[in-house]
Amino acid sequence: MLDASRVLRELDSLWRTTGKQESGGVLRACAMTMLVAGGDCDEAAETLADLTREHPSRLVLIAERPGAGEPSARANVQCWMPFGRRQQICSEQIEMEAEQLGELLPAVRGVLVPDLPVVLWCRDLALAGRAEFHELAALAGKVIVDTAGLADAAEAWAVLAKFDSGRAVVADLAWTRLTRWRETVQQAFRSEACREKLSAVEQVQLKWAGAGMPSTVAYLAGWLRWLAPRAELDLACIDARMPAKGFGRIRELRLSGPDLEVRLRRPEGIGVAIEIEGLAARMMFPRLDQSALLREELSVFGRDEHFEQALERSRAA
Amino acid sequence: MVQPGRLDDPLRYDAPVDPATVVIFGATGDLTRRKLVPALFRLAYERRLPAGFAVVGVSRTAMSDEAFRERMRGAVEEFLEDSPFDAELWADFARGLFYVSGDVHDTNLYSRLKQKLEEVDRERQTAGNVLFYLSTQPSHYAPAARGLGGAGLQAGEGWRRLVVEKPFGHDGPSAAALNRELREVFSEDEIYRIDHYLGKETVQNILAFRFGNGIFEPLWNRRYVSHVQITAAESIGVEGRGAYYQEAGALRDMIQNHLLQVMATMAMEPPAAYEADAVRDERAKLLRAIRVWTPAEAAENAVAGQYGPARIGGADVAGFRQEPGVDPAARTDTYAAVTLEVDNWRWAGVPFYIRSGKRMPKRVTDVAIQFNRAPLAMFEAGAGRVQESYPNLLVLRIQPEEGISLRFFSKQPGSGMRLRPVTMDFNYGTSFGTRSPSAYETLLMDALQGDATLYTRQDMVEASWAVVSPVLAHWAEAQFEFPNYAAGTWGPEASDQMLARRGHTWRVP
Ligand SMILES: NC(=O)c1ccc[n+]([C@@H]2O[C@H](COP(=O)([O-])OP(=O)(O)OC[C@H]3O[C@@H](n4cnc5c(N)ncnc54)[C@H](OP(=O)(O)O)[C@@H]3O)[C@@H](O)[C@H]2O)c1
Chain G
3 MLDASRVLRE LDSLWRTTGK QESGGVLRAC AMTMLVAGGD CDEAAETLAD
53 LTREHPSRLV LIAERPGAGE PSARANVQCW MPFGRRQQIC SEQIEMEAEQ
103 LGELLPAVRG VLVPDLPVVL WCRDLALAGR AEFHELAALA GKVIVDTAGL
153 ADAAEAWAVL AKFDSGRAVV ADLAWTRLTR WRETVQQAFR SEACREKLSA
203 VEQVQLKWAG AGMPSTVAYL AGWLRWLAPR AELDLACIDA RMPAKGFGRI
253 RELRLSGPDL EVRLRRPEGI GVAIEIEGLA ARMMFPRLDQ SALLREELSV
303 FGRDEHFEQA LERSRAA
Chain F
377 MVQPGRLDDP LRYDAPVDPA TVVIFGATGD LTRRKLVPAL FRLAYERRLP
427 AGFAVVGVSR TAMSDEAFRE RMRGAVEEFL EDSPFDAELW ADFARGLFYV
477 SGDVHDTNLY SRLKQKLEEV DRERQTAGNV LFYLSTQPSH YAPAARGLGG
527 AGLQAGEGWR RLVVEKPFGH DGPSAAALNR ELREVFSEDE IYRIDHYLGK
577 ETVQNILAFR FGNGIFEPLW NRRYVSHVQI TAAESIGVEG RGAYYQEAGA
627 LRDMIQNHLL QVMATMAMEP PAAYEADAVR DERAKLLRAI RVWTPAEAAE
677 NAVAGQYGPA RIGGADVAGF RQEPGVDPAA RTDTYAAVTL EVDNWRWAGV
727 PFYIRSGKRM PKRVTDVAIQ FNRAPLAMFE AGAGRVQESY PNLLVLRIQP
777 EEGISLRFFS KQPGSGMRLR PVTMDFNYGT SFGTRSPSAY ETLLMDALQG
827 DATLYTRQDM VEASWAVVSP VLAHWAEAQF EFPNYAAGTW GPEASDQMLA
877 RRGHTWRVP
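So the protein sequences, as listed, match chains G and F.
Whatever position you read off the first sequence (first residue = 1), add 2 for our numbering.
Whatever position you read off the second sequence (first residue = 1), add 376 for our numbering.
In silico EDC-like pairs for lysine to aspartate or glutamate, Cα to Cα no more than 20 Å straight-line:
| # | chain 1 | residue 1 | chain 2 | residue 2 |
| --- | --- | --- | --- | --- |
| 1 | G | K199 | G | E263 |
| 2 | F | K661 | F | E651 |
| 3 | F | K787 | F | D801 |
| 4 | G | K199 | F | D384 |
| 5 | G | K199 | F | D394 |
| 6 | F | K542 | F | E557 |
Distance ranges between label pairs, derived from CB positions:
| # | chain 1 | residue 1 | chain 2 | residue 2 | range |
| --- | --- | --- | --- | --- | --- |
| 7 | G | P231 | F | R556 | 48 to 56 Å |
| 8 | G | E56 | F | T670 | 51 to 59 Å |
| 9 | F | D547 | G | R267 | 55 to 63 Å |
Think of the hints as simulated: they come from the structure by calculation, not from any bench.
Here a beta-carbon is modelled for each residue, glycine too, at the ideal position from N, C-alpha and C.
The whole structure should be built from the sequences, with the hints applied where relevant.
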């Protein structure tokens, strides 16, 4: 059996040697345990490498591999030199592997950092159907999934429904992708005069590219329903072709009323054109990668009312 | 029907910032180059500035908009922290930079500025909102405000705000006079007096530490605290700013403003809400509760120092009087230490020792709260009264290694009950490996959002001048044997004696 104490001892000795090697000493940084399950471990570790600065954690990569043999674990320490400092900051990483997820659970329980939050990033939605995965999820206060890759929102709701009974807060990176759209809508209505006109919004139009109705679009529609409960919502896929990865599928969002017209358009690439009452401005929506999405999601603690409201309304629609 | 509150999602993005123009007086100066424009660019980089945004620089040097943009580009390339310079983003940002030349005393400047603001407002859609930032010599603050008023620039279609740099007066009466002049043109809630210490993340963290946790506040009073030491030491000298510094000195330059604000943050009562006036009321109350010394008490409770030449690390370091631009007989305090007492129920009888100096052994700013000893030293039958020499100490480190540490006793390994002091450390870097916004980013953003929580109010300025005035008055008459400490030391002996009289010693930070 894989023994958590052995892994922790290994980590401890790694810390000692790292400390001796570095003349300026090292700073051991840890604000949570980050569990990662499913998908390619190396890819996940790479995605998270960018993040350890803002969200230093004990990273536990959990892999299931047919033919893996006896459950095993490897520990290592990742260090970096922050800008303008002399002392390295280091965080720790444990890779665990077994044929069956269930075999790793006792060791995972043993290596959690005491008294700090636990976040689980689930990179394979198929795991959601398995009992041992739910045991893993029960260790976490927050579970992060990404339903944006699913062809249709209905599939996403089916996955999320499997988490409903858990005690963890569930976050969906498909929702995180919408922050800048929502923020841009807020900014479009920033002036007092504009905010007054908000009550006059009668029609909301949402257009996207790529066939089907992905969860991202459904979430935005749900949020708009919450924002403007009485407005008429018009949804349309305007281009069946799938946009390049990382550029998002939403093409246009329009809020209008008798005395108001706000239009956000994202024809191609990273620019977004904003038109408010005929006045035009441009904004950058750079490519979003998973690191950027996780970075945002990890700084949100506890329940997220906007997400819950949007989810409730998009499921109901 | 839209629910406006639902547009805001503070978990994920900031409250909207109004479109605005920032007018910087002193646009070719050091502060603009090092801090202000890099901070604004950094905010643009983080997409925190509104689309309708512009900067208008003002100073005497004649220059086109284009030349000003080039100059600012150089400044940003040199002083932008923690992020690469993005030429494309710069090009976008630079389109919003403009320049007007003129002398603050010349009324024509303001009519040209007015015209420029109208053009900029049309071109950049800044909704008539203007933030005036006075980053020029202090003697220009009042003329600039008068000039703005004369041209009717203090009011307009949108809001108008005035940010004033330090120093705010050089004593109580001059601060009051400056305030009167500014108030003839701007109202109190339009005036933002900057104290960049309050913008520092770690100073704000003192509030989080005190009022976000339930376990420290019960100890935060005279029953448990023996005394408090606030230190702001710099290892550098005056670095070419000798002429300015010789008029100011450490008491005016650091203690009257920054360190008294830090003390107020550390010692104030909990505000009912985290709102500008609630927080500022408590800070102001604390400052007013500091006892104002009589002339005799001021002599006892303050020490002035000035560094002399020394050899540090094999190099000769000039004394203050040998620095360029400094009068060889200057009486400036490059070191100041004061003992203060707070006359309220929480702090009566607890001395607050504050010191600040240049050419100290290292650069450090911290607040140390020393607790009373355990009532009985039950483990100390033998020699070595270790518990007496190392009472519990809580240190709030502001710079450079931001964090918090607590010193307590632990049993030494081995037989017997011998104790040893150890520290438990929280380092900001341990939990947040990321960069914190600079004080100027925080403060500029707050001013654009109309949030004055971290700005000082006139009553706070007056109260803090009242605290240092008796000391200044005493020093004006006193005979000093300057220099009285060598560069690279922790200050004059008289400062140690000041603490010794109350049975305390300065810690080595
Ligand atoms: N530097 C810092 O790190 C720092 C830190 C805290 C506070 N402060 C405060 O910030 C303010 C500015 O400091 P600084 O170091 O940037 O000063 P500075 O480098 O001396 O700059 C002064 C600026 O004012 C302009 N100026 C001078 N006389 C003028 C006049 N008659 N009319 C119009 N413009 C005039 C100068 O440009 P022209 O010569 O082209 O006119 C220059 O742009 C001061 O109040 C200082 O106390 C500075």
